[in-house]
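Engineer: These protein sequences, in sequence, are chains H and R. The opening position of the first sequence corresponds to residue 664 in my numbering, with each subsequent residue numbered one higher. The opening position of the second sequence corresponds to residue 108 in my numbering, with each subsequent residue numbered one higher.
Bear in mind the hints are in silico, worked out from the structure with no lab data behind them. For clarity, every value in this text was computed on a predicted model and none was experimentally measured. Where a beta carbon is used, it is the ideal one built from N, C-alpha and C, also for glycine. Please note that the accuracy of each hint is not assured.
Unchecked claim - Just the calculated beta-carbon pair ranges, DEER-fashion:
| no. | chain 1 | residue 1 | chain 2 | residue 2 | range |
| --- | --- | --- | --- | --- | --- |
| 1 | H | 720 | R | 163 | 29 to 35 Å |
| 2 | H | 722 | R | 178 | 37 to 43 Å |
| 3 | R | 120 | H | 747 | 28 to 34 Å |
In case you want the letters, here they are:
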Amino acid sequence: TQLLEQSPQFLSIQEGENLTVYCNSSSVFSSLQWYRQEPGEGPVLLVTVVTGGEVKKLKRLTFQFGDARKDSSLHITAAQPGDTGLYLCAGTRGNNDMRFGAGTRLTVKP
Amino acid sequence: DTGVSQDPRHKITKRGQNVTFRCDPISEHNRLYWYRQTLGQGPEFLTYFQNEAQLEKSRLLSDRFSAERPKGSFSTLEIQRTEQGDSAMYLCASSFGQSGTEAFFGQGTRLTVV
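In isolation and in its complexed conformation, chain R is listed as follows (with noise of 0.2 Å):
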């Protein structure tokens, strides 16, 4: 499978734990973005990477969370102090080129904060 890959798909964790979730994006594709989505809504964006830079952090994203893409292949979102209010669906895309043209998605991650 040559698609956008996320792992694990579900993650259940405690209150005040840190959660770390992988992103593996299409091969040879410079561009990778992180969204948030809850029930009911679209994603929301919280960053995005054009190779290995970091180029725009959504004011959604508190000191608590933190992405890398150390060598523009893989991405990781890690959330450091999770809250019950982080519950939600992580989504990690991935494009080439200079725009957010033929954005592809993987099928994110759910993280549950109990």
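This is chain H alone, in the form it adopts within the complex (with noise of 0.2 Å):
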């Protein structure tokens, strides 16, 4: 079982279409990150957020981080074929390691 469960594992849309993506667990986190991956490179953060119940908005992408800090979603607005790639979410728990989620692999079809 692993500690961060994300959905959908897999999400195939049209250009222009709005899409969450979810990142949900049973354990607290002091911090989430949302990362993105495309093939054969190394993931790129895109976003931190350790408080609560926290909103940020990167351009089109907003993240929101759970009340009680135990899930997170990812919402996109007016998707484009440059949004296509692997996004994974990461929890950190006190001062401990960072464990990721298997990921949602989105395709944006122009």
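Fit chain to chain and form the complex, with the hints in mind.
Structural biologist: Right under this line is the structure:
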């Protein structure tokens, strides 16, 4: 059983559509990060959230940290083909290591 | 370039051989992480260091795997007697501070065991 469960596992949409991906856990995190990864490359950090209920916006991307700091969501507005990639959430508990979910593979078709 | 650097980018080795990967973290980052990633999966935690101390090691890391960070700067990950199941992308990340916040990744080393 993974510490962080991401859903959906795969998502294929048309350009211009909106989408939301989820990252859930039964554990409480001191911080949670979202990364995007392209094939053959390392993950690239998009955002870090640390406060329960926190909402951060990065252009068309909106990230929310759950009030209880156990879950998070990523919403993309008007998706573009350049948004295609593997979206990973990662959480840190206390002073410990960072653990990842299995990711959501997003494909945005022109 | 002041990002996390990994060397080599690609490695093909025969089963049974030993391999060593290197990671140079962002300067002054005190935490360094190693992950393994197979196709279609998220990164799996292997181990992490705070300065030169190895604080945690995953049960995924068998006795054939060893990691070092001798001076609290660069790190090496060695795999002895490689097996085909070791084929994966090996990722290194670094961060500053007491937690995993704001960890930055290198481009990874892709290992293929034939």
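Engineer: Each hint should be assessed against the structure and marked as holding or not.
Structural biologist: Hints, verified against the model:
no., hint, verdict
1, H:720 with R:163: 29 to 35 Å, "holds (34 Å)"
2, H:722 with R:178: 37 to 43 Å, "holds (40 Å)"
3, R:120 with H:747: 28 to 34 Å, "holds (32 Å)"
The earlier numbered hints are all upheld by this structure, with none contradicted.
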